[in-house]
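Kindly produce the complete structure, drawing on both the sequences and the hints.
If you use our numbering, the sequence shown corresponds to residues 1 to 476, in order.
Hints in this document: simulated from the structure, not taken from any laboratory.
We treat Cβ as the ideally placed atom computed from N, Cα and C, and that holds for glycine.
A couple of the hints might just be wrong.
[What the hints assert, rightly or not] Pairs of lysine to aspartate or glutamate, EDC-like flavour, derived with a Cα cap of 20 Å:
1) Lys326 with Glu262
2) Lys278 with Glu312
3) Lys352 with Glu86
4) Lys369 with Glu262
[Claimed, not checked] Have a look at the derived ranges for each label pair, beta carbon to beta carbon:
5) Asn474 with Asn361: 52 to 58 Å
6) Leu201 with Pro384: 56 to 62 Å
7) Ile22 with Ser239: 42 to 48 Å
8) Ile29 with Phe190: 43 to 49 Å
9) Phe318 with Glu116: 49 to 55 Å
10) Ser166 with Thr475: 48 to 54 Å
11) Lys203 with Ile399: 36 to 42 Å
12) Asn61 with Pro384: 34 to 40 Å
13) Pro384 with Thr234: 46 to 52 Å
14) Leu215 with Val386: 52 to 58 Å
15) Gln469 with Arg231: 56 to 62 Å
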Amino acid sequence: MNNAKIKPIIWVLLTAFLVRFILAIFALIQAKSLRIFHVGDTASYLKPAHDLLTYGRFTSNGFPEIFRVPGYCIMLIPGIILNQVELVTVALQIGLTCLAVYLVYKIALLLFNNNEPIAVICAFLYALEPLSIIYTVKLLTESAFACLILAFLYCFLKYFKGQSLSWLLVSSIILAISTYVRPIAYYLPFLLTLLLVIWELTKTPHKIIALFHALLFFSLSMGPIYLWNIRNKTVADYSGFSSVVEVNLYYWHAAALLTVKEGKTFGEQQIRLQNQLKNEVPKEAFRGDIPAHLCCTPAYTSPTVLNYMRTEAKKIIFKNYLIYFKLRLNGTLNLLLNSTPWPYLTTLNVYKIDGFADIANQQATEFIKKGLLAGMAYYLNQTPGVVSRTWLILQVNLILYMVFALIGLLSKNFFKPFPSLIVMTLGFYLTIIPGGPDALSSRYRHPIMPIICILAGYGVYFIVVQFKQRFMANTK
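Dropping the structure here:
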């Protein structure tokens, strides 16, 4: 008989799978509709995915798609082919999230000198992390992007451990792919190449070879990304990577500033800006109909429209730069420290997405006008009981994760290896870039939660070790 024990990581992976699988089944039974796996942004990925499959071109409504990038849309295609896009995609996302849990384990082994208990704790924390769980069953980019970023990080760290060029090449390709899933990774090649150059010049004797490695990494990561800029310029006369930049600046950043300056609700200011856009830009500049969903506007493929949105938003921001700085700071804190109940309540069919719109608008207005604590107080004091209780449970969980992460971060051993600096730089980037007036949803915290779990896992281990040492000392 084989008495070999099952490795703890297997149990962790099984836990991660079962929690997500059971949630998907429960949500489907409760809602009795596959639409339970959709959110407001889902349609903006499905439309270009259908067009790509049908016509072989990345378009929406007959016009080049420049709002979304093709990475996640390609992932939707198997489900579209099988006529079960929700079930197939959720199944894929469950698999990707389990892989992400395993990658957290492997990264922790690299960071903590193959310390198995620390790595298992880190993976277990991520297996039970609420954002990772809930967005597995939503047709959104979160699960795919988190898995890709972790795969990139693992390969990148493996290069630093052994300086094998193959790991560096693979990491650069994965980084490029991740940007095609979520454009937030667009500037990472610049930042990471800089870190790579610093490390190569200070730690390695072969400077020329080292600089060649850095150049190769930048070329293979940024080159494929820039090809999409060229594509957009060619087909739509738009030089950016994704017009989500202009949409966010106009409908989120500028609208937030106007909410502070002029009063009214955040939603009312968004509508005002939409009407202003219609009035100021000639009708012939629009391509297709303007979607009713203010924050998801893939029909804005006209350079004239996008230029107006970008110029007008920057004008509002530059006139109110001190208020804008405060909004960005509040947004960053909100991203790190606040929870959003609606993904959980809508998944469990307690609320319909449309039914949560008024609560979300009022909470956003409170947060934008008065800051983080006011936004939290709104959830706690001015929402129905099920909303406030859900928010409170999520907040307690988040506080525990953050406290353990802070303990891990402040421990005297964590910052010694250079790979730890890479991990923290990545976490800092993924916090600062989306941390603005548009960071009203805890969804934007999703990409950094694996890093939080790695820190928290080390924090938990540190506490246990300290407790054991003191207990042993007291019993002698």
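For each hint, the structure was consulted:
1. Lys326 with Glu262: holds (16 Å)
2. Lys278 with Glu312: Since the Cα atoms of Lys278 and Glu312 sit roughly 13 Å apart, the hinted pair holds (cutoff 20 Å).
3. Lys352 with Glu86: holds (18 Å)
4. Lys369 with Glu262: With a Cα-Cα distance of about 10 Å, the restraint between Lys369 and Glu262 holds, given a limit of 20 Å.
5. Asn474 with Asn361: 52 to 58 Å: Cβ of Asn474 to Cβ of Asn361: about 55 Å, so the range 52 to 58 Å holds.
6. Leu201 with Pro384: 56 to 62 Å: Given about 58 Å between the Cβ atoms, the range holds.
7. Ile22 with Ser239: 42 to 48 Å: At 46 Å between Cβs, range holds.
8. Ile29 with Phe190: 43 to 49 Å: For Ile29 and Phe190 the Cβ distance comes to about 47 Å; the hint holds.
9. Phe318 with Glu116: 49 to 55 Å: Because 53 Å falls inside the window, the suggested range holds.
10. Ser166 with Thr475: 48 to 54 Å: Check passed, 51 Å falls within 48 to 54 Å.
11. Lys203 with Ile399: 36 to 42 Å: This hint holds: roughly 38 Å between Cβ atoms.
12. Asn61 with Pro384: 34 to 40 Å: Given range 34 to 40 Å: holds, Cβ gap about 38 Å.
13. Pro384 with Thr234: 46 to 52 Å: Because 50 Å falls inside the window, the suggested range holds.
14. Leu215 with Val386: 52 to 58 Å: Given range 52 to 58 Å: holds, Cβ gap about 55 Å.
15. Gln469 with Arg231: 56 to 62 Å: holds (59 Å)
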